[in-house]
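Enquirer: Protein sequence lines, in the order shown, are assigned to chains A and B.
Once you know that position 59 of the first sequence is 58 in numbering that gives the first Met the number 0, the rest is easy, because the numbers rise by one and skip nothing.
Once you know that position 5 of the second sequence is 4 in numbering that gives the first Met the number 0, the rest is easy, because the numbers rise by one and skip nothing.
One or more hints might be untrue.
Where chain B lies over chain A, by a calculated footprint (3+ residues, C-beta under 8 Å) [what the hints assert, rightly or not]: (1) 79-91; (2) 94-100; (3) 107-121.
Partner residues are not named here, just some residues of chain B that face chain A (Cβ under 10 Å, in silico) [what the hints assert, rightly or not]: (4) E171; (5) A214; (6) N215; (7) L217; (8) A223; (9) C225; (10) Y226; (11) T233; (12) Q234; (13) K236; (14) P237.
These are calculated hints, taken from the structure and not from any lab test.
Ideal Cβ positions, reconstructed from N, Cα and C, are used throughout, including at glycine.
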Amino acid sequence: MGIIRARKLGFDYYRYDENGQVREASHAVRNVDLDIEAGQFAAVLGHNGSGKSTLAKHINALLMPTEGTLWVDGMDTRQENELWRIRQRAGMVFQNPDNQIIGTVVEEDVGFGPENMGVPTEDIWKRVDESLKAVGMTAYRYHSPNKLSGGQKQRVAIAGVMAMRPRCIVLDEPTAMLDPGGRKEVLKALRELNQKEQVTVILITHYMEEVVYADRVFVMDQGELVMQGTPREIFSHVEEMRKCGLDVPQVTMLAHELRKSGMQLPEDILTREELVDAICQ
Amino acid sequence: MIRDITLGQYYPADSVLHRLDPRTKFVGTLLFVISLFIFHTFPGYGAATVFLAGMIGLSKVPVSFMFRGLKAIFVILLLTVVFNMLLTPGQVIWQLGFLKITWEGLMQAGRMAIRLVYLVVGSSIMTLTTTPNQLTDGLENLMGPLNRIHVPVHEIAMMMSIALRFIPILMEETDKIMKAQMARGADFESGNIMQKAKNMIPLLVPLFVSAFRRANDLAMAMEARCYHGGEGRTQMKPLKYKGRDYAAYGILAGYLALGIAFRIWGI
Ligand SMILES: Nc1ncnc2c1ncn2[C@@H]1O[C@H](COP(=O)(O)OP(=O)(O)OP(=O)(O)O)[C@@H](O)[C@H]1O
Ligand SMILES: [Mg+2]
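The following block holds chain B by itself, in its conformation from the complex (with noise of 0.2 Å):
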């Protein structure tokens, strides 16, 4: 059912990564993401992989997850690997007429693709052991500064979990519409994209009718409940840093320190 389906990807399980605070993930992934181009030679790429590996372990999701974005990025990830092999300059291993792979171009190509896989793993590993709701949580707590620029953080916060909330409900609901109008002889199926896009119509508009509907429905609902906005509101669930957090910011400061001295030692 369309009930069932899982927004984001969280994978339940019971591990420390997945009781980690989720602002601790959210930096974690971007130290990682960092140190990806900290590093740039194949010592360093073999630092990221123990860590990568060591996370994967410690999140006890199966590791084909993990894999599973790369399908979204295949395409870039080739463009990537080809043009940086047949387009740097150097010293040339393999010519055919103006096609030519240079050694420089081998080793470019090979970092750019290890960069690009670990991004996406690294990134994986956050949003399959985080709910979209510790998320955005994390991501209100941790973009709180910006408040005082003006940036309506807890609003785009609220919105984001209510569109958490009401995307099954409207995807439901599109379904119900589609095989109503399908019942009434609707083809959503044939025709060029132009057709295609004309039939889309009759659905189109009785779901964004039901949708504002619903939005002022749950517009007047929170108001009832004495919504007012971010201010003076507590949490119920506030995100408190435990022991095993400042345990994983050590852990990322040792891994960033060593990305540094190999910068600085060369290796």
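Looking at chain A on its own, in the form it has when it is part of the complex (with noise of 0.2 Å):
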């Protein structure tokens, strides 16, 4: 069984007036059948409203479906003396990386969580030790959060949620705030996360560049699933990516484009080197 499982998942927001009624909800979840093998790379896509931050929160158990169930490591959500252990089996990283640094010492905040958890003192040192070597940021252990860059914030941030000793992160377009090189540098941490420590990372994000790396991708449209799928797969379907308000890499793009104007292309190219390849072949 895989470590994440959802089932006819539904998450709905509820808008009160004055007195107490329910004025509006909003389905931000719909019906969602969601399976992520253990040690995968999974990215969600899906424009403003999708429903992308909501699920996750539902991984986290921040939030609690409306209606199905969603399983973490074989453990409903909806159990309350689960809820601890939930959280520590699947960490979650946020967009903005000044609202969820807690210490005032960078290694301090990556102790946080062990800390929460009851972890013997030692234990926690030798945890913040690993995960700051992890995510490449032992040289900074010493310093204030508030005078890293924004990459590496997130990298402690994301640090923070190893020392938790998770099977699973959950990362909520972490890149949003971020400028192009420190992006590489998230996204290098994650990928070796997951090669080197067999993490399951489920990155939610707007960047189709960071998607192509995934072992699989989900899509979400008005709060349903609507495609998922290798990369491969996903971005060879150009024109319902569009309906979905996304765009492909445009590499990508670029050969749908050309091969609509008739040139003899496959449908799946992802980089530059394939498009290259391709065209003089």
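Join these two chains into a complex; the hints should help.
Expert: This is how it looks when you write it as structure tokens:
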């Protein structure tokens, strides 16, 4: 069984009027069946308001489904007595790096999760050392988080989650507020964690380039899961992607346009090298 | 840059006082303040001066930093001295109209001035050698027993340390919003106090909105990292007394004993 499994998952946000009556309900997530295997690098795409963040918060049990069920490592997120175990198994990194760092010193922030879990002191230090090393931030351990760049802050946030020894990390647009350099840094750290430590990564993003290396891509639209497959499969459906308000990587787009104007090219070109090879053949 | 401002007034250096446990320093400061009220003669103040000078020497913090705190209490100090000098009855040594200075008044003013100055300098030694974080940790630990009477000690300490982390961020944000508003013609400088206060509204509203959004995000991030209050929590850097702390407590006990002895013998 996969590490994340959802069946008929649905969630409604309610807006209430002054009398506490439901004035408006928005179906943020509808009827989602999701399976993510342990060790996968999964990416979730979707335009603004398509329900990605809502789905992500379910995986960390920050939100409870109003319909259907979600299991994290076999645990139903609605079981209250499993709450802290679920949050330990599935860590979460948020968009704004400033608003998720709690410590005033890098190493103290990384130790925050283990402290909450009641890990003994010596073990906390071991975990902090390991996690800082895993994201390449050991040199900054005594620094104040306020003086780090955005990419470094997000790596600290990732280390903070890693110190809890999760089996899975959910990242909600971790690179949205970063410059291209910072984006690369964070992505490199994530891929390394995924490959070396076999941590399942679920990356929510707006950037198509970040999706190219994923094992599996999920596309959301209006709260529903509308497409899933490998990046190649997903990006070969240029027209469907457009319907969901999404672009495909520029190279794929170029190949698509070339094909439409009569060139013989394969459907699933993802990188510049592939396109060059295909044209030169 | 605003990001670089240090909160509190920590002065980084490598001294015995810096390495002492924050609890030791806190208790020590408290005892020193108490001693200032036990001593009431000039030999006694001499002993306090020696003790204070010794601590300043040990701290490796430039003396000028120690006396910076006095600026804040300058007015209070002046008022205390003047009132004590003029209003204490006793043997008159100088008189001008209804103003008269008495010998007793002079002594009393001197005592009060010494107490106030030493109090401020003494507590500066603590804040200069202890990071705000260590102070919070020390306070949390010392106040621990209050938990029994349902004072949320851990929560208060957590709030303090979060405030410490976010004050520089919010200051920077204030700066940013201010510049943005000024670029659109806002005026924060001219006018009387009422007008100035009114002009601050376009600054405060976005600042509050942003602070609440941050608080919301932070609460979620803390929950996601299994935060559920102080219960069942371990510490990465638990406070532990070392040899030097016991030595410091020994010295403090000696100093306090001296104070009590002076008092008993009436020196
Ligand atoms: N706290 C809330 N209260 C009410 N409605 C909400 C709330 N949060 C989100 N929604 C609504 O739920 C829907 C899905 O929002 P969600 O934040 O999950 O989208 P998203 O895919 O993460 O978007 P984005 O790309 O902008 O982050 C949207 O229509 C949004 O308006
Ligand atoms: Mg979102």
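Enquirer: For each hint, tell me whether it holds in the structure or not.
Expert: Here's how the hints hold up against the structure:
1. Given as covered by chain B, the segment 79-91 of chain A passes the check, having 5 residues with a CB less than 8 Å from a CB of that chain where 3 are the minimum.
2. Only residues whose C-beta sits within less than 8 Å of a C-beta in chain B count toward coverage, and the segment 94-100 of chain A has 5 of them, enough to reach three; the restraint holds.
3. Chain B is given as covering the segment 107-121 of chain A, and this holds because 12 residues of the stretch bring a CB closer than 8 Å to a CB of that chain, at least three being needed.
4. About 9 Å separates the beta-carbon of E171/B from the nearest beta-carbon of chain A, less than 10 Å, and the hint is met.
5. At about 9 Å, the closest approach between the beta carbon of A214/B and any beta carbon in chain A falls short of 10 Å, and the interface hint on this residue holds.
6. For N215/B, the interface hint holds, the least distance from its beta-carbon to any beta-carbon of chain A being 8 Å, beneath 10 Å.
7. Taking 10 Å as the C-beta contact cut-off toward chain A, the hint placing L217/B at the interface holds, the least distance being around 5 Å.
8. Interface hint at A223/B: satisfied, since its Cβ lies 4 Å from the closest Cβ of chain A, which is below the 10 Å cut-off.
9. Here the hint on C225/B is kept, as its CB sits about 4 Å from the closest CB of chain A, short of 10 Å.
10. With a cut of 10 Å, the hint placing Y226/B at the interface with chain A holds, because the nearest CB-to-CB distance is about 5 Å.
11. The interface hint given for T233/B is met, as the beta carbon of that residue sits about 5 Å from the closest beta carbon of chain A, less than 10 Å.
12. At a threshold of 10 Å, the smallest CB-CB gap from Q234/B to chain A is about 6 Å, leaving the interface hint in force.
13. About 7 Å separates the beta-carbon of K236/B from the nearest beta-carbon of chain A, less than 10 Å, and the hint is met.
14. Annotation: P237/B was flagged as interfacial toward chain A, and the flag holds, the nearest CB pair being 6 Å apart, inside 10 Å.
No hint from the list above goes unmet by this structure.
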